[in-house]
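Q: Sequence order for the protein chains is Y and D.
Here the working numbering is used: the first sequence runs in plain steps of one and ends on residue 444.
Here the working numbering is used: the second sequence runs in plain steps of one and ends on residue 1444.
Bear in mind the hints are in silico, worked out from the structure with no lab data behind them.
Being a predicted model, the structure only gives us computed values, none of them experimental.
You can take every hint at face value.
Derived EDC-like pairs: lysine to aspartate or glutamate, alpha-carbon spacing no greater than 20 Å straight-line:
#1 Y:195 / D:1300
#2 Y:68 / Y:163
#3 D:1068 / D:1159
#4 Y:23 / D:1300
#5 Y:337 / D:1228
Calculated Cβ distances over 10 Å to all of chain D for the following chain Y residues:
#6 98
#7 240
#8 361
Glycine is no exception: its CB is placed at the ideal position from the N, C-alpha and C atoms.
There are 2 protein chains.
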Amino acid sequence: MMNDPRIEELLDFVRFPTVSAQKIHRTDMLACADWLVAKFRRMGLDARAASTPGFPVVVAKSLRDPNKKTVLIYGHYDVQPADPLDLWSSPPFNPIIRNGRIIGRGASDNKGQILAHIFGVEEAIKEGELPVNVVFLIEGEEEIGSAHLGTFLEAHRDELVCDAIAISDTGMAAEGYPTLSYALRGIATLEVQVKGPAMDLHSGIYGGAVANPVTAAARLVASLHDADGRVAIEGFYDTVQPMANWEREAAADSPVSDDAIAAQAGVTVLWGEAGYSAVERVGARPTAEINGFGGGYQGEGSKTVLPAEAFFKVSFRLVPDQRPDTVLALARRHFEKHCPPGVTLTIINGHGGDPFFLDPTLPQGMAAQRALEEVFGKKPALTREGGSIPILTEFQRTLRHPALLLALASPDCRAHAPDENFPIENFLMGIRLNKALLRELAKS
Amino acid sequence: MMNDPRIEELLDFVRFPTVSAQKIHRTDMLACADWLVAKFRRMGLDARAASTPGFPVVVAKSLRDPNKKTVLIYGHYDVQPADPLDLWSSPPFNPIIRNGRIIGRGASDNKGQILAHIFGVEEAIKEGELPVNVVFLIEGEEEIGSAHLGTFLEAHRDELVCDAIAISDTGMAAEGYPTLSYALRGIATLEVQVKGPAMDLHSGIYGGAVANPVTAAARLVASLHDADGRVAIEGFYDTVQPMANWEREAAADSPVSDDAIAAQAGVTVLWGEAGYSAVERVGARPTAEINGFGGGYQGEGSKTVLPAEAFFKVSFRLVPDQRPDTVLALARRHFEKHCPPGVTLTIINGHGGDPFFLDPTLPQGMAAQRALEEVFGKKPALTREGGSIPILTEFQRTLRHPALLLALASPDCRAHAPDENFPIENFLMGIRLNKALLRELAKS
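One chain only, chain Y, in its complex shape:
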């Protein structure tokens, strides 16, 4: 298996340090887009790296046969930042194979998953039986909010016309368990910068008379949740839709236990909003999470300083019918209202994306469930995912056809974390799944 050229190509793909959040990686981003274009051209597809005001979108199309249905396959070649680097057991952009898994930043999210689809199509072409027209759309800004993809979809709507959208950027409910995700949370991010004195002050000479911006920032963070783990921003839950009965039943049937989630996360006890299981908390309930907080002395030992400033970064995960703009406005009002005296706030809105919801009994949804059952040999789990693919609602709105989320990532893939990994088994199953899916969608 180690000499499988498909795996060698995946390793090559992961070696590009395509961190879209960091300007220093611009050249790597462009090189990776070119690598994809070359791959598609070798497969005989019409491919290009289409420029945007940000990073290019790679588009690749088979000849469009009007007698066939068309499937758009979406993925992304950008990845999350790799830090903290010292917690990786091997270099994030020099992938290795260990225990049957490829370890590297982006191995699972999303390079391994999208490349499985690419190989599925390549094999179908070689076998002379591509049952549908395919359009690949692989962007470079998913991890920073897909800022330019919406405009791109609008501008290229004609060449992107399709009957279904296939995406593998989600996690299996359990290892090797076929999974169709019918909902994803939306997202809204912001950063709060808290400014106090003009410079770091001696904590003895000024401490007690000047407000400490780190303490103020901590008080703002503490104000975000009540004692029951609910988000304490006024109006935050106003538009949240309760789960339907069939959804609570699907969640109860989930192959994922609370214990399994705790074990994957490496915690002894779970935490969260009262009245919901862990599966429901991450899939169907909104959150406010602190992604980073910094202020004052970060080094060894002590430094008796009253810091000049502090910051914290928040991401909200949203469920239907919450909207990012509304949540960001509510959050801004909350922070301004709760701002302690003696400091000033700068609130910077980040990227946002609507929550996604698909009725899994639509024809395309049924085709996806059949393909999953065929390849994995059991009835797929229907899940709500906690993560976000902000552009999904844009796809459905612009292209007017359902987006099918077929999970290939393992539950312990460590996406966004050190030692992100992708099982070679999932990669090979993904290639088979692509072929079964295109066949079933051709019939749907």
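Chain Y is fixed; fit chain D onto it per the hints.
A: Only chain D this time, still in chain Y's reference frame:
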């Protein structure tokens, strides 16, 4: 003035990057101690760098004439860390002179001040009129809690016997204003480490089901103060002595206005415990200050992670009769009691020091006030200082004579902060003050 050899020597002294908190500077520390020993030997004093389990203590003595009183002059050659480096307008250990001030880490705290005393003694010796026996004691661990100085004082009590202790490591009440500080706050420091999941997690996949250690740390920080700015740790104020009437009058007579403190700190509004002026808050009231807080993503842009851990560093400033050990025990109980579910705490106690208090009407205190009035031409302010010199109470306990705190630092000296500075004027006044002080103490 630029060619004054005394200023050149001060620049040389500041060039040693003597950061005692950072192991990498060990060689610099030893070199600086040797530099001081060489200086004292050139002055004709009996000098050595006495080793300790930490950094050496420099001891230098004149011949002990039994007919003269003996004055011990204390200072320190170690400095605070220089970071954040990017906020310095010139390199911290490559001092420059601008607007009559020497800018560099340690210029004010404590190299400029102790060197003024050294030059005072050097000039008196050259002029043939050293009116008292002098003992210099210059340590290298003041900024990290003087861990080994107490033992050193005990072990060398006989050679350190004296009638008064002179220290310039405090700030003038106002620019050029003679100041005798009769009280200093004590200190107690700790670091709290908050651990959550085994690794950084995807905030979408786990957010809402796993406790966030940054949020937990922020809630602990927020629990430290009540809405009136008082420390909310149970028992924290139990042993705090109220200010005497003469003290509140001295504070009201202070040349320092709340507006001046706000201007120095670069804030538009002050903050603090209700019922006290800013001068009283920093001098006579205890505090809990967050010196640093870190957790999760610190870089550019956003990273949607649920961090594995967070930390914060706290320093408490103490007033009579609070004790560091007691306060640290109360704080530990507070954090353990308020620890949110789903995370675990590790609490690491740091250095501590008792608060200091001296009756300024003792003969040595009156001699110091006369010397200050003679040199500065006005009646000195009697102040309580917010900072800490942890070893002070040890001096008084071991050597059984009063410690006199004669301020030479400017109110805007930016001690512990970027662009720390020391006016050349203060340096020259300090040399004169040393000579006047030794004369007055000889008569006291």
